[in-house]
Amino acid sequence: MEIDEKHIKIRKELAKDIRTLSNVLYSYFPTASLGNLEAAITFLSSNRAVVLDKVARAEYWGYNVKEVCFKLDKFPEKRHPKDIENLELILDFELVGNCDDIDSLKDPFLWLIFDIKIKGIYDKKDFFTSYHLDRHLYKAGDMMPVEPHPFYHFQYGGKHILDDNKTVDSGKLIIFESPRIAHYPMELILGIDYILSHFFPDKRIAILKSEQEYVNLIEKYQARILKPYYHTISSTWNYDHNSLNIGNHWTPSFLCPQLIINS
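Position one of the sequence shown corresponds to residue 17 (our numbering), numbered consecutively onward.
The set of hints was computed from the structure by calculation and includes no laboratory data. Note that the Cβ used here is the ideal one computed from N, Cα and C, for glycine as well. Any given hint might turn out to be false.
[To be verified] Derived DSSO-like pairs (lysine-lysine); straight-line CA-CA distance at most 27 Å:
1) K28 - K236
2) K28 - K243
3) K87 - K122
4) K82 - K133
5) K98 - K87
6) K22 - K243
7) K32 - K141
8) K87 - K141
9) K94 - K133
10) K141 - K82
11) K82 - K140
12) K25 - K122
13) K87 - K225
14) K32 - K243
15) K87 - K135
16) K90 - K25
17) K122 - K94
[To be verified] Quick list of simulated restraints, FRET-style, between CB atoms:
18) I197 - K94: 37 to 45 Å
19) K236 - V71: 25 to 33 Å
20) S226 - F270: 18 to 26 Å
Based on the sequences and whatever the hints tell you, model everything.
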């Protein structure tokens with residue numbers, strides 16, 4: 017399938033944004049494994065159509081990026097086992113969106129899986145944990161589940177612990193399917209920024225202070241993705257924007273620390 021000029025232009029802009037992110041990351045994380053970002057850049061820049069549910073459409077954009085890896089130079093203070101070593105973050109992204117819906121208030125994605133895996137070594141054994149953010153696959157006519165199942169949700173554990181590692185030694189830890197926590201969606205750029213804010217906060221602060229291109233990039237994608245998500249939720253209520261009582265700690269940046277405001 018030939019991709020028309022309009023949609024190729026949009027896809028190449030998305031590829032350029034990932035290149036900008038990649039250049040910043042290489043400067044601040046020389047030991048990270050970032051080569052697989054090239055897969056997203058190459059695919060978005062190509063004339064190859066994105067396929068979803070066995071259907072290829074010219075207006076689709078997306079990518080499948082596996083094993084973007086960061087080595088933790090500082091370990092979380094609260095952790096178990098305390099003496100774990102060689103901690104490594106492994107990020108996987110698989111997503112599809114519609115080019116025609118970019119910069120609108122529509123759902124930013126048609127498909128989204130963002131896997132976060134953390135591996136380490138303790139007592140000469142491999143240890144791991146995982147989280148995921150995904151878009152639930154409702155089909156036409158599906159009813160709301162009995163248990164809360166937010167359309168976009170973060171969840172601890174999931175298949176990487178319960179399904180992929182059925183023989184894991186959990187010690188005294190109880191493992192079961194944990195609650196799905198409603199969360200705004202994130203693609204590769206926002207997903208990596210989110211990870212930096214949690215596991216590399218000092219470096220993220222340095223990047224935000226020194227790399228204006230990075231700041232502009234995060235603002236751009238927050239407007240594209242967080243804006244439709246939160247506006248759709250807030251549409252439940254009628255309210256006057258000027259009546260919002262913003263002050264002290266009741267502010268957008270305290271409620272959502274990753275938010276970049278008025279750079």
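Evaluated hints:
1. As the CA atoms of K28 and K236 are separated by approximately 16 Å, the hinted pair is consistent with the 27 Å bound.
2. Pair hint K28 plus K243 holds up; C-alpha atoms about 23 Å apart against a cutoff of 27 Å.
3. About 36 Å separates the Cα atoms of K87 and K122, which puts this hinted pair outside 27 Å; it is violated.
4. This hinted pair checks out: K82 and K133 have alpha carbons roughly 11 Å apart, not beyond 27 Å.
5. A C-alpha spacing of about 17 Å is found between K98 and K87, which places the hinted pair at or below 27 Å, so the restraint holds.
6. Restraint check: the Cα-Cα separation between K22 and K243 comes to about 24 Å, which is no more than 27 Å; the hinted pair holds.
7. Distance restraint check for K32 and K141: the Cα-Cα separation of roughly 40 Å exceeds the 27 Å cut-off, and the hinted pair is therefore not satisfied.
8. Distance hint between K87 and K141 is fulfilled; the C-alpha atoms sit about 18 Å from each other, no more than 27 Å.
9. Distance check on the hinted pair: K94 and K133 sit about 18 Å apart at the alpha-carbon level, within 27 Å; holds.
10. A threshold of 27 Å between alpha carbons decides the hint, and for K141 with K82 the separation of about 24 Å falls inside it, so the pair holds.
11. At roughly 26 Å between alpha-carbon atoms, K82 and K140 fall within 27 Å of each other, so this suggested pair holds.
12. A distance of roughly 20 Å separates the Cα atoms of K25 and K122; the hinted pair therefore holds under the 27 Å criterion.
13. For the given pair, K87 sits about 23 Å from K225 by alpha-carbon distance, which is consistent with the 27 Å threshold.
14. Simply put, K32 and K243 have alpha-carbon atoms about 22 Å apart, close enough for the 27 Å limit, and the pair holds.
15. About 10 Å separates the Cα atoms of K87 and K135, which keeps this hinted pair within 27 Å; it holds.
16. The straight-line distance between the Cα atoms of K90 and K25 is roughly 40 Å, outside the 27 Å bound, and the hint therefore fails.
17. For the suggested pair K122 and K94, the alpha carbons sit about 39 Å apart, so the restraint of at most 27 Å is broken.
18. At about 19 Å, the CB distance of I197 to K94 disagrees with the hint of 37 to 45 Å.
19. Separation of K236 from V71 is about 29 Å and conforms to the stated range, judged on CB atoms against 25 to 33 Å.
20. A hinted range of 18 to 26 Å holds for the C-beta pair S226 and F270, which are about 24 Å apart.
Comparing the model with each earlier hint shows violations of hints 3, 7, 16, 17, 18; every other hint is respected.
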